[in-house]
Every structure is written in C-alpha cells, then in structure tokens.
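Those protein sequences? They're chains E and U, same order as listed.
Following this note's numbering, the numbering of the first sequence begins with 95 at its first residue and continues without gaps.
Following this note's numbering, the numbering of the second sequence begins with 329 at its first residue and continues without gaps.
For the record, the hints were derived by calculation from the structure and aren't laboratory data.
Where hints are given, some of them may not hold.
Unchecked claim - Calculated cross-link-like contacts (lysine to aspartate or glutamate; reagent style DMTMM-like; alpha-carbon spacing at most 25 Å):
id : chain 1 : residue 1 : chain 2 : residue 2
1  : U       : K373      : E       : E115
2  : U       : K435      : U       : D363
3  : U       : K435      : E       : E175
4  : E       : K113      : U       : E412
5  : U       : K435      : E       : E166
6  : E       : K107      : E       : E166
7  : U       : K373      : E       : E315
8  : E       : K107      : U       : E406
9  : U       : K415      : E       : E115
10 : U       : K444      : E       : D171
11 : E       : K113      : U       : E423
12 : E       : K107      : U       : E466
13 : U       : K381      : E       : E175
14 : E       : K107      : U       : E423
15 : U       : K442      : E       : D171
16 : U       : K373      : U       : D334
17 : U       : K442      : E       : E166
18 : U       : K435      : E       : E115
19 : U       : K444      : E       : E166
20 : U       : K381      : E       : E115
21 : E       : K113      : U       : E406
22 : E       : K107      : U       : E412
23 : E       : K107      : U       : E386
24 : U       : K442      : E       : E175
25 : U       : K381      : E       : D137
26 : U       : K435      : U       : E356
27 : U       : K435      : E       : D171
28 : U       : K381      : E       : E166
29 : U       : K373      : E       : D171
30 : U       : K381      : E       : E276
31 : U       : K435      : U       : E423
Stated by the list, open to error - Which stretches of chain U does chain E cover? Using the computed rule of at least three CB atoms under 8 Å from a CB of chain E, they are:
id : stretch
32 : 410-424
33 : 475-487
Quick caveat, the model's predicted, so the values are computed rather than measured.
Note that beta-carbon positions come from the ideal geometry of N, C-alpha and C, so glycine has one too.
Here is how the chains run, residue by residue.
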Amino acid sequence: MNAFIAILRRDLKVAMNRKVEVLSGLFFYLVVATLFPLSIGSDLDILRRIAPGILWVGALLSSMLTLGRLFEADWQDGSLEQLLITPNNLSLLVLAKILSHWMLCGLPLVVLAPVLGLMFDLPSEYVIVLMGTLLIGTPVLSCLGAIASALTLGLRGGGVLISLLVLPLFVPVLVFGSGAVESLSAGLGVQAYFSILMAMLVPALFFSPWACAAALRVAFE
Amino acid sequence: MHLQGDNGIGKTSLLRVICSLAPLDEGEVLWNSEDIHQDLTRYLKDIFFVGHKIALKEELSPYENLTIECALMNVPVERVQLLEALKHFGLQGREHVPLGILSQGQKRRVGLAKLKLSRAPLWILDEPLVALDAHTVEKFTELLENHLANSGMIVLTSHQPITLNGRGRVLTLTL
Numbered sequence: 095m096n097a098f099i100a101i102l103r104r105d106l107k108v109a110m111n112r113k114v115e116v117l118s119g120l121f122f123y124l125v126v127a128t129l130f131p132l133s134i135g136s137d138l139d140i141l142r143r144i145a146p147g148i149l150w151v152g153a154l155l156s157s158m159l160t161l162g163r164l165f166e167a168d169w170q171d172g173s174l175e176q177l178l179i180t181p182n183n184l185s186l187l188v189l190a191k192i193l194s195h196w197m198l199c200g201l202p203l204v205v206l207a208p209v210l211g212l213m214f215d216l217p218s219e220y221v222i223v224l225m226g227t228l229l230i231g232t233p234v235l236s237c238l239g240a241i242a243s244a245l246t247l248g249l250r251g252g253g254v255l256i257s258l259l260v261l262p263l264f265v266p267v268l269v270f271g272s273g274a275v276e277s278l279s280a281g282l283g284v285q286a287y288f289s290i291l292m293a294m295l296v297p298a299l300f301f302s303p304w305a306c307a308a309a310l311r312v313a314f315e
Numbered sequence: 329m330h331l332q333g334d335n336g337i338g339k340t341s342l343l344r345v346i347c348s349l350a351p352l353d354e355g356e357v358l359w360n361s362e363d364i365h366q367d368l369t370r371y372l373k374d375i376f377f378v379g380h381k382i383a384l385k386e387e388l389s390p391y392e393n394l395t396i397e398c399a400l401m402n403v404p405v406e407r408v409q410l411l412e413a414l415k416h417f418g419l420q421g422r423e424h425v426p427l428g429i430l431s432q433g434q435k436r437r438v439g440l441a442k443l444k445l446s447r448a449p450l451w452i453l454d455e456p457l458v459a460l461d462a463h464t465v466e467k468f469t470e471l472l473e474n475h476l477a478n479s480g481m482i483v484l485t486s487h488q489p490i491t492l493n494g495r496g497r498v499l500t501l502t503l
C-alpha cells in the first residue's frame, strides 16, 4: 500500500512540474468544445441537442491524446524497469498510475463540463447527468487506454496504434455516456445508462491493471 | 563478483536474467537453492539492481526521489538517514533542487545513494562507475567493502578495475 501511495504521489508531483503535458489534453478539450458553438451558430435547440455528444467526443479524444504517455516517460528513464523488480504487486502499481492519469486528465474534464455546458445552453439537470456519466465514464477510458499504452510501449508510431486499439473499445462508453442526456430530454429515466456505465467500470478497474502488468512484463523480455 | 568481457558479449543480459527481467532459454537461476520463480516476491526483496539508466525522476529532487525509492523497496527510513546517504556521495546542499539541473555524474551519485539505504543482501550493479569522479569512486568502493563485510554479495560489471581489499572474484565472459 505504501508503494501504491508513493507511485501516486510521484506521478502527481511530476505532472505538477511538467504542467504543459497535463494542460495540453485539457486545452484540446476546451478548444473542441468551444469551436462547435462558434461554427454551428446560435440555434439553441441544435446546440442543446448536440452538447452531450460533443463534450463526450471531446473527452474521449483528449484522453486518447494523453494516454500515449502513460508509461512512456517511466520507460525511457528506466524507472519502469525498476518497478518490475520491486517486491510489490505490479498490478497495484499500475493501478496507481492509472488513477493518477485519471486525476490529471479525466477529473478536470468532469469539473469543466458545467462551464462548457453554459456555452451550449444546457439546463442544469442535464449538466448534472452529463457530469455523472463523465465521472463514471472517464475512468473506464483511462483503464482501457492504459492497456493499449502498455501494449504499444516502445513501438514507433505507437500513438496511431493506440487509437486503432482503443477506439472500438471506447465506442460503447461513448454511446451510453452521451445517450444518458438524450434519454433524459426524451423524458425517459437515466438509471439504466448509469447502471451500464458502472457495469463497464467495475470489470475495467479490476482487469485492466492486471492486463497492463502482463503487457509490461512482455515488453521487457 | 566482477563480470568482465568485451562489448556485446552479454554482461548486461546476464545481469537482467539474474534480476528476473529477462527469460532464460535453458537452465535456471537459483537463490538459496531454490528457483527464483518459485517465490519471486521474496527473491525480489533480497536483490537490488542499479542499471544503465538512472531510473530517477528529473522533475523531483534527490530527496523526493529517494523517499519514493524507499517506499517501493518497502524499507522504512528516517529523514536523517536519507540526508546522510546523500551526504555520503557529496550531495549536501543539493537535496532539494530538481534532479534535472544536476550534472550527469551527480545524478548517478543519487542513484548510488539508493544503495546505501537498501537492505538487500545481493546487489546487482551494471556499470556503476560510469561518469563518476575519482573521489566518488573511492566513496563507492568504501560502500561496497562495507556491504561485503556485512556478509552481503555483489555482482557488478565494469570496464575499470575495482579493488575491494583483495576480495572478490573476476569472471570473464568470452564467446
């Protein structure tokens, strides 16, 4: 457990000293979400309808943008190799890395959602549902992306491969994440959407660190 | 044990096999007459590996780096011990500056300071003398001698000769 906290604190501290990398994903999200209302015009009905989709696609693309570097820096400076031979459960250390990635690149997207919702004239109850789906959905993105990032470690053009690997896996999260708000506006309940998202999050949290650990061991052989 | 041999002969590969980082085609690695993969976690507690790469974060200070290393090794340390380890390698006054602004040799010294905090009986060192000045080599040799005196073991590769009170064996790898 000490090692888990040490890795989490280390990654957060490193990111705080290398702000550009964290902010690049966030800025990307902001720019995508800002450009749409500007280009589509001021038809509030249309804006309200497309808002959840746009914000979700933005979140998905921005997390894909930052995921490629999840293991890259550790791999280059040799500390990943050291993690493999410390007397700790590697899956737990990987989970710490995923958690720190989410705290830096996923959580800010959730927090920003209400501000961006204003640009799309989203009513407050819609914003709350949207934030809820992002809160459950973005950790799934981090978990799935981490597997792809571990699998493509050290490959040239790994970034392109990551998108190819994770996009099909991201699609269900996107569909149910953005579908929740749509369902609310149609007057239907949103409970089912949250249940399905949770049903994705739990196995992802459980299996992804284990899969990443296996992929990392292979990468070093 | 001092491993010697020409470039590309397999010194680093051998060390990686001993660390369980690389798989073996045939044969096995024994520790206390037991295959290391029988109980890998226990074996990993007993070894400490310093590789080519420094394995420290440039954005963090030497002090922070060592704190994290100790947590990963599951070795509880006091602040004083950490500072003393850094002082041993002449890094006093540099404890809290980012590692990135230190010189190559100083970074390696921080890496070696990890050894001073390690409680593992088997040290596996890959080219530990690279980029070190004569004074640090002396300090480092002293550390190795201490470790041997405390019935520790060391496997290292180096192109420079290391004299440890006349003890230690030299193994030369040839094709």
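Checked hints:
Annotation: proposed proximity of K373(U) to E115(E) is violated, straight-line Cα distance about 34 Å (limit 25 Å). Taking the CA atoms of K435(U) and D363(U), the gap is about 35 Å. The hint is violated against a cut of 25 Å. Under the criterion of a C-alpha separation no larger than 25 Å, the hint pairing K435(U) with E175(E) is consistent with the structure, at around 18 Å. For the proposed pair K113(E) and E412(U), the alpha carbon gap of about 32 Å is over 25 Å, so the pair is violated.
The suggested pairing of K435(U) with E166(E) holds, with an alpha-carbon distance near 20 Å, which does not exceed 25 Å. Distance check on the hinted pair: K107(E) and E166(E) sit about 17 Å apart at the alpha-carbon level, within 25 Å; holds. Taken as a hint, the K373(U) and E315(E) pair is honoured in the structure, with Cα atoms around 21 Å apart against an allowance of 25 Å. Annotation: proposed proximity of K107(E) to E406(U) holds, straight-line Cα distance about 21 Å (limit 25 Å).
As the CA atoms of K415(U) and E115(E) are separated by approximately 34 Å, the hinted pair breaks the 25 Å bound. Under the criterion of a C-alpha separation no larger than 25 Å, the hint pairing K444(U) with D171(E) is consistent with the structure, at around 21 Å. Pair hint K113(E) plus E423(U) holds up; C-alpha atoms about 23 Å apart against a cutoff of 25 Å. With a C-alpha separation of about 34 Å, the suggested pair K107(E) and E466(U) falls outside the 25 Å cut-off, and the hint is violated.
A hinted pair counts as satisfied when its Cα atoms are at most 25 Å apart, and K381(U) with E175(E) qualifies at roughly 9 Å. Restraint check: the Cα-Cα separation between K107(E) and E423(U) comes to about 16 Å, which is no more than 25 Å; the hinted pair holds. As the CA atoms of K442(U) and D171(E) are separated by approximately 16 Å, the hinted pair is consistent with the 25 Å bound. For the hint pairing K373(U) with D334(U), the CA-to-CA distance comes to about 31 Å; that exceeds 25 Å, so the pair is violated.
A C-alpha spacing of about 23 Å is found between K442(U) and E166(E), which places the hinted pair at or below 25 Å, so the restraint holds. The suggested pairing of K435(U) with E115(E) holds, with an alpha-carbon distance near 24 Å, which does not exceed 25 Å. A C-alpha spacing of about 29 Å is found between K444(U) and E166(E), which places the hinted pair above 25 Å, so the restraint is violated. For the hint pairing K381(U) with E115(E), the CA-to-CA distance comes to about 23 Å; that is within 25 Å, so the pair holds.
Of the pairs offered as hints, the one joining K113(E) and E406(U) is violated, with about 31 Å between alpha carbons and a cut-off of 25 Å exceeded. Restraint check for K107(E) and E412(U): the C-alpha separation of about 24 Å stays at or below 25 Å, so the hint holds. For a cut-off of 25 Å, the pair hint linking K107(E) to E386(U) stands: about 11 Å separates their Cα positions. Restraint check for K442(U) and E175(E): the C-alpha separation of about 16 Å stays at or below 25 Å, so the hint holds.
Annotation: proposed proximity of K381(U) to D137(E) is violated, straight-line Cα distance about 57 Å (limit 25 Å). Under the criterion of a C-alpha separation no larger than 25 Å, the hint pairing K435(U) with E356(U) is inconsistent with the structure, at around 35 Å. Between the alpha carbons of K435(U) and D171(E) the distance comes to roughly 12 Å, so the proposed pair stays at or under 25 Å and holds. A threshold of 25 Å between alpha carbons decides the hint, and for K381(U) with E166(E) the separation of about 14 Å falls inside it, so the pair holds.
Simply put, K373(U) and D171(E) have alpha-carbon atoms about 22 Å apart, close enough for the 25 Å limit, and the pair holds. Distance restraint check for K381(U) and E276(E): the Cα-Cα separation of roughly 51 Å exceeds the 25 Å cut-off, and the hinted pair is therefore not satisfied. Under the criterion of a C-alpha separation no larger than 25 Å, the hint pairing K435(U) with E423(U) is consistent with the structure, at around 11 Å. Coverage of a stretch by a chain is defined here by at least three residues with a beta carbon nearer than 8 Å to that chain's beta carbons; for the stretch 410-424 of chain U and chain E the count is 0, and the condition is violated.
For the stretch 475-487 of chain U, the proposed coverage by chain E is not satisfied: 0 residues have a C-beta within less than 8 Å of a C-beta in that chain, short of the threshold of three.
The structure is inconsistent with the numbered hints 1, 2, 4, 9, 12, 16, 19, 21, 25, 26, 30, 32, 33, although it conforms to all the rest.
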